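Please build the complex by placing chain B on the supplied structure of chain A, with the hints as guidance.
Going down the list, the sequences are from chains A and B. Under this note's numbering, the first residue of the first sequence is numbered 327, with each subsequent residue one higher. Under this note's numbering, the first residue of the second sequence is numbered 5, with each subsequent residue one higher.
No lab work stands behind these hints: they were computed from the structure. Please note that a few of the clues may not be correct.
Stated by the list, open to error - Footprint (simulated), chain B over chain A, 3 or more residues, beta carbon under 8 angstroms: (1) 346-358; (2) 411-420; (3) 445-458.
Claimed, not checked - Away from chain B, derived, C-beta distances all over 10 angstroms, residues of chain A: (4) W383; (5) A385; (6) T483.
Since we're looking at a predicted model, the values are computed, not measured. The beta carbon of each residue, even a glycine, is placed where N, CA and C say it ideally should be.
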Amino acid sequence: MTEGLNRIAFATLAIVLAALWGLPFLYSVWTAFHPEKYSANFVWNAPLTLSNFVEAWQAAPFALYFLNTVILIATVLVANLILCTLVAYAFVRYRFRWAGFLFSLVMVQLLISPEILIVENYLTLNNIGLTDTIIGIALPYLTSAFGIFLLRQTFKTVPKSLDEAAQIEGASAWRVLWTVYVPLARPVYLAYGLVSISFHWNNFLWPLIVTNSPEVRPVTVGLSVFATVESGIEWSLVNAATLMTTAPLIVAFLIFQRQFVANFMRAGIK
Amino acid sequence: MNMRLSYGMGFILLVLPCSLLVAFTHYPALKALLNSFWNNGSSIRPSRFVGVKNYQTLLEDDKLMQVLINSFIYAIGTVPLAIALAIGMALLVNSKLPATGLMRLSFFLPTMLPMVAVANIWLFFYAPGIGLASQLLNAVGLPSINFLGSTNTSLASMMVVAVWKEAGLFMIFYLAALQSIPTNLKDAARLEGAGSVRIFFDVVLPLLRPTTIFVAVNALINAFRLVDHIVVMTRGGPNNSSSLLLYYIYEVTFGFRDFAYGATLTVLMVVILGILAAFQFWVLDRKAHYQ
Chain A
327 MTEGLNRIAF ATLAIVLAAL WGLPFLYSVW TAFHPEKYSA NFVWNAPLTL
377 SNFVEAWQAA PFALYFLNTV ILIATVLVAN LILCTLVAYA FVRYRFRWAG
427 FLFSLVMVQL LISPEILIVE NYLTLNNIGL TDTIIGIALP YLTSAFGIFL
477 LRQTFKTVPK SLDEAAQIEG ASAWRVLWTV YVPLARPVYL AYGLVSISFH
527 WNNFLWPLIV TNSPEVRPVT VGLSVFATVE SGIEWSLVNA ATLMTTAPLI
577 VAFLIFQRQF VANFMRAGIK
Chain B
5 MNMRLSYGMG FILLVLPCSL LVAFTHYPAL KALLNSFWNN GSSIRPSRFV
55 GVKNYQTLLE DDKLMQVLIN SFIYAIGTVP LAIALAIGMA LLVNSKLPAT
105 GLMRLSFFLP TMLPMVAVAN IWLFFYAPGI GLASQLLNAV GLPSINFLGS
155 TNTSLASMMV VAVWKEAGLF MIFYLAALQS IPTNLKDAAR LEGAGSVRIF
205 FDVVLPLLRP TTIFVAVNAL INAFRLVDHI VVMTRGGPNN SSSLLLYYIY
255 EVTFGFRDFA YGATLTVLMV VILGILAAFQ FWVLDRKAHY Q
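In isolation and in its complexed conformation, chain A is listed as follows (with noise of 0.2 angstroms):
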């Protein structure tokens, strides 16, 4: 009896917290999606309009905003890709001297990451003239300590047998590399790889500080600026553009639910 009752309050606990914690979310759909008049004012039959949209999308040049943001997150991934590797290849399979406390080094980026440096990269940017630019807003992020972790943890993992094998065919270093641990590492490349496009998708101090003209913004900046200045306080259009500038993200999650929420376990639990 009591576990009957016990259940009833954990399901009305549950029906209250998922609808609470949607609401915020919600409310901005509603908005979007019905003329200014019913922004705040709910009528279940007020007629739905995809205006608003149509309406952002030529208020800002949000389609240059996505390109860049794609081009950002190319940028940023194939580096993180390749000098991850060849830095845990490193660590994992040749011994030299201080090898540890040159690990070490690497892994301070962890905890002084370059969300917190903004003065002094910034400082840096501008003497090498690279701000208001794109490689200007990726370059603090190519080389990732996190991937280096993941990686050496991965690599790590990869039969010793397996290496001297290769080693005895006449595999040089490189082949080694290409064709004994980089496939062996695949899940964990597809893990970093999610993870670094969800954070620079979503990274917006940074490239704020860096850029100024819209021909360089990413879909962050370019949300920020559109609702502060570009469209006054007409909520109907700042909602609308705050849902077309993540609809991506939120399409990628519905389609890839159960890969996303296991991957982003993996990459953070390793």
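Below, chain B alone, put in the same frame as chain A:
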């Protein structure tokens, strides 16, 4: 395996990739330390060595004092709340209730959104008069509150936003931990006559400890380095009531163009994060017997 690293390979594998890392992590951290002993230069007057003058300014900076108190309240307030909610969410999603998929979506969605989008959504939610928060208050007969415009509520409002965004991510880690707990442990406790509540506190919660430490450390560091919502929603106001350390660094450096003081504040930030890291090692040491 464990072969000697030749100079050529070492250069390609380590020196090239790591030079980028050093240039944007170690170099700026040390450069901030150096610059904190110099003042701002201009085209007419180059910057000169001023000793600890910037640090004297730092000690006498009332605004910084408030920012540090805010950061402290923000961290101490959001981290335990987000963790407690995340555990609750994980239990609900892991239960045999109907519609757990929908629940998981509702909890996890905020984590997928960029902080800027979250900030816009909550800016609207909090908007005086038209926002849903005001409307709900009015519906039960309470006057609306200017959540972001009052010094009493602005920081708390920012904390709610942070918890809303982060709890779902932590839920995922707890979900993984819950699913790895062997059911025979719970069955054994049940045979001994323990109820659900007792099982949770005496069996499940201790087994979640490593996850809690991992999540708490990450959440704590995140509390110091994610200020996008402050930039979009309050700009630290009103009257600095919602300003956090990283936002203050941003404001001093890029708003007031005071790069020397910005560097000094960066040093302070690195020191605080260093203390947190030392604390983390200490805690991890103490939990070693659990593994």
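Results for each hint:
no. : hint    : result
1   : 346-358 : holds (count 8)
2   : 411-420 : holds (count 6)
3   : 445-458 : holds (count 6)
4   : W383    : holds, 16 angstroms
5   : A385    : holds, 15 angstroms
6   : T483    : holds, 13 angstroms
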